[in-house]
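Engineer: Chain by chain, the residues run as shown.
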Amino acid sequence: MSDRLPDLRRAIEKLLPEVDGVLALKTGPGGILAPHLFVKERAAELEALALWPKEPLPDLLKKILKAHPTAKLAIVCRRCEERGVVEMAKHAQLDLAHVTLIGLQCTHDEALFCRCAKPATIHAKIVVGTPVEGVPDSVTDDFVKMDQAGRLAFWKEHFLHCIKCYGCRNVCPQCFCNVCALEDETWVETGRLPMPVPPMYHLVRAMHMTAKCVACRECEETCPAGIPLAIHFRLIARDVEEMFKYETGAVIEQSPPQLLVLEEGEYERTGLPH
Amino acid sequence: MIDSTSVLTTCPYCGTGCGLHLQVLDGRLVGVLPAKGHPISEGGLCIKGWNAHEFVGHADRLRKPLIRKGGKLVEAEWDEALTLVAKKLGAIKSESGPDAIGVLSSAKCTNEENYVLQKFARAVVGTNNVDHCARL
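These protein sequences, in sequence, are chains A and B.
Here the first sequence is numbered in the numbering used here, starting from 91 and rising by one per residue.
Here the second sequence is numbered in the numbering used here, starting from 511 and rising by one per residue.
So that you can see chain A by itself, here it is in the shape it has in the complex (with noise of 0.2 Å):
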């Protein structure tokens, strides 16, 4: 098996002239990772180039395009960043015609910790690594096996440790709303700890990553209290692949299934009352 990290520097190197930056992962003080965009102007920086563990790249990739709109950038990305990206596109918060994606296979043993049902990338045209087969996720699937009584006790013996530090939506790649329903006090009530039963913050956000979500487990990373958020957003990506056939990610033309677009034209109107 080829060495990925000199791989993945070499490919770098390779597209650094022809763009204004690539967005990965660098190592800093006491061996600790973070995003950065690395430019030919410092491509010295390369050196420092990481791998593992892996953070948030997409959601800095919006960032960083939507102060230069004109840029163009690449990214490294692992499938689950991919879909990310791809899925930003769809809700229109980058424009895919900018980005490069390298795509970065994932080991068999980043597929176990992540529990990824799907670690191969599928849309980079550069690609580092070794495409690995996905693993199951015993968490998911143990909770399955549990009656109602038994999810429900399951959960709510999880969200009373929940301190809302709103790290599992600052986190999202897919969390970018103006306007925000876990900010509104209707929804969920500031300073209100511990959660109330039913805990409308961890299902307000279940309901809006509904066909959104990428199954990059950052949420459940960055959870302070160890809440297996993973968990119900891969059930209910279950669903909508059932109901929906819709897999994000998978299918750069297909629109989701919650975006309705009209075409052009005259419509009628219902009659009903406003």
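You may find that some hints are simply not true.
[As the list claims (entries may be wrong)] With a Cα cut of at most 20 Å, we get these calculated SDA-like pairs of lysine to any residue:
| id | chain 1 | residue 1 | chain 2 | residue 2 |
| --- | --- | --- | --- | --- |
| 1 | B | 598 | B | 633 |
| 2 | A | 116 | B | 598 |
| 3 | A | 116 | B | 520 |
| 4 | B | 618 | B | 564 |
| 5 | A | 153 | B | 618 |
It should be emphasised that the hints constitute simulated quantities derived from the structure, not laboratory data.
We have chain A already, so just place chain B on it with the hints.
Structural biologist: Here is chain B on its own, set in the frame of chain A:
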């Protein structure tokens, strides 16, 4: 050239010492990311840490000292403000004794700044009334 990088630092809000990355875009703070692999916070943050960048460039942030004049806060120069504070603290100390004064410091300061402040309280004012926002 687009300049986008992350700066590893310690959350300024309390004494826990969580690790976070300040996301810097073209010299301005645009966000916070928790530091995965940090020995204390292990990739998590609380709601304060997640918003630790907000105050830095905030429009409401005080850039000059304010002195209350005729019931209104008026911008002043540092010399004028520090002279006034020294005069008032001196008057309180001579009238009511040093223990009539307390010093409240901040987790947003550096260790060295906090050291100087407690030294000021103990050695200059003469009181042990020292506390800070992180000891909540």
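Engineer: Confirm or reject each hint.
Structural biologist: The hints, checked one at a time:
1. B/598 <-> B/633: holds (18 Å)
2. A/116 <-> B/598: Outside the cut-off at roughly 51 Å; violated.
3. A/116 <-> B/520: The given pair, whose Cα atoms are some 18 Å apart, holds under the 20 Å limit.
4. B/618 <-> B/564: holds (13 Å)
5. A/153 <-> B/618: Judged against 20 Å, a Cα distance of about 27 Å means the pair is violated.
The earlier numbered hints that this structure contradicts are 2 and 5.
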